[in-house]
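Chemist: Fit chain Y to the supplied structure of chain C, relying on the hints for placement.
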Amino acid sequence: MPILIREQRYHHIKALLARLRLDASARVVVLVEKDGQQIAAHGEVGALDTTSLASLVAGNVAATGGMAKLIGEKEFPTLSHEGDKESIHISVIGRILLVVVFDQRSSLGLVKLRSKQVSQELAAAFAEIERESAASDKSSLPFSEITDEEIDSLFVQN
Amino acid sequence: MTFINYASREINCKIVYYGPGLCGKTTNLQHIYDATAPQAKGKLISLATETDRTLFFDFMPLELGTVRGFKTRFHLYTVPGQVFYEASRKLILKGVDGVVFVADSQEERMDANIESLYNLEENLRAHGYDLLKIPYVLQLNKRDLPNVIPSEDLAVELQKKGEPVVEAVASTGVGVFDTLKAVAKQVLTELRKS
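These protein sequence lines map, in sequence, to chains C and Y. Numbering-wise (the numbering used here), the first sequence opens with residue 1 and increments by one. Numbering-wise (the numbering used here), the second sequence opens with residue 1001 and increments by one.
These are calculated hints, taken from the structure and not from any lab test. Please read all numbers here as calculations on a predicted model, not as lab measurements. It is possible that part of the hints are untrue.
To be verified - Label pairs and their computed distance ranges (CB to CB): (1) 72(C) to 1007(Y): 36 to 42 angstroms; (2) 1039(Y) to 74(C): 41 to 47 angstroms; (3) 76(C) to 1053(Y): 23 to 29 angstroms; (4) 1133(Y) to 19(C): 28 to 34 angstroms.
Claimed, not checked - Chain C residues, not near chain Y, derived (Cβ > 10 angstroms throughout): (5) 25; (6) 59; (7) 62; (8) 81; (9) 88; (10) 117; (11) 128.
Said to hold, decoys possible - Looking from chain C toward chain Y, a few residues come up when the C-beta cut is under 10 angstroms (computed): (12) 5; (13) 6; (14) 11; (15) 35; (16) 37; (17) 52; (18) 58; (19) 70; (20) 74; (21) 78; (22) 125; (23) 146; (24) 156.
Each residue gets a CB set at the ideal place from its N, CA and C atoms; glycine is no exception.
Chain C on its own, in the form it takes in the complex (with noise of 0.2 angstroms):
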């Protein structure tokens, strides 16, 4: 069964990290699935390309789980990479990944303080849309009489 987000849903996340933007100075902060899929961005994205943002902070999550594994940790429940004027928080929330880009107006403590705090929302949030995903009515979903033809129709288009 797909991963389904509603409008209600996507609204709340974003305003939960449109919040966390705020309070923790951040320039971008992003929603990511473990999987390597974006839930949600908000912030100065303008040319930051967050599809492959989202895909490699998975990869890179990944990876590091693994490496926890291998030295008897479940999973390392926060990442950092300092740069020299970005740097970047990912906090790792169960299936979920939450990403905070910052520059020299925000700190890495705050950042931390401020992911920490809204994290149990957006698990919450989270929780609710694998909630109604599971209970939705297959029959619904907009793809459900999808058409050979339609399908046929988006390789025509490229």
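Modeler: Just chain Y, lined up with the frame of chain C:
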């Protein structure tokens, strides 16, 4: 895992290209990237060694078009083919919606194909998937080389469940989009079934 976002009207699916080392997985993605209009694709990310061997994965998002008001996006991944990158290979299969197995048609790579296919089944199983049940395409690549095994013989050895078999020369693009289309169709049809 397919993601359907009602707010942004998007459907996102994940397709993984699997196969032995140097079979042409990255070459498939490179051709799709080169042959696709800029507005339909994102960046092609390659996490590769200095000698251009895939170290972790390649990734590119591809937008196919709109169906029933939803943008249809496929996230294409490759795995590292070399045997010793087993841990990374397994990670990339997480949440996969469809798999392309790229076989190297050369006679001397037959054992490597069989080993990689077996490895695919094992790694899928580790994530709770069954190769016999997920959208799947077998691509017979490098058909232009002189020492290739006849396609029929390769299919007898490698075909698992009557999946589409596509002959290809990924370096020139032959069969690359046919392969993608075959797997994407199955993924979308699966959504209809679900």
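Chemist: Could you run down the list of hints and mark each one as holding or not?
Modeler: These are the hints, each one checked on the structure:
no., hint, in the structure
1, 72(C) to 1007(Y): 36 to 42 angstroms, "41 angstroms, holds"
2, 1039(Y) to 74(C): 41 to 47 angstroms, "42 angstroms, holds"
3, 76(C) to 1053(Y): 23 to 29 angstroms, "27 angstroms, holds"
4, 1133(Y) to 19(C): 28 to 34 angstroms, "42 angstroms, violated"
5, 25, "26 angstroms, holds"
6, 59, "6 angstroms, violated"
7, 62, "4 angstroms, violated"
8, 81, "15 angstroms, holds"
9, 88, "16 angstroms, holds"
10, 117, "25 angstroms, holds"
11, 128, "14 angstroms, holds"
12, 5, "5 angstroms, holds"
13, 6, "5 angstroms, holds"
14, 11, "7 angstroms, holds"
15, 35, "3 angstroms, holds"
16, 37, "5 angstroms, holds"
17, 52, "5 angstroms, holds"
18, 58, "8 angstroms, holds"
19, 70, "9 angstroms, holds"
20, 74, "16 angstroms, violated"
21, 78, "19 angstroms, violated"
22, 125, "13 angstroms, violated"
23, 146, "5 angstroms, holds"
24, 156, "8 angstroms, holds"
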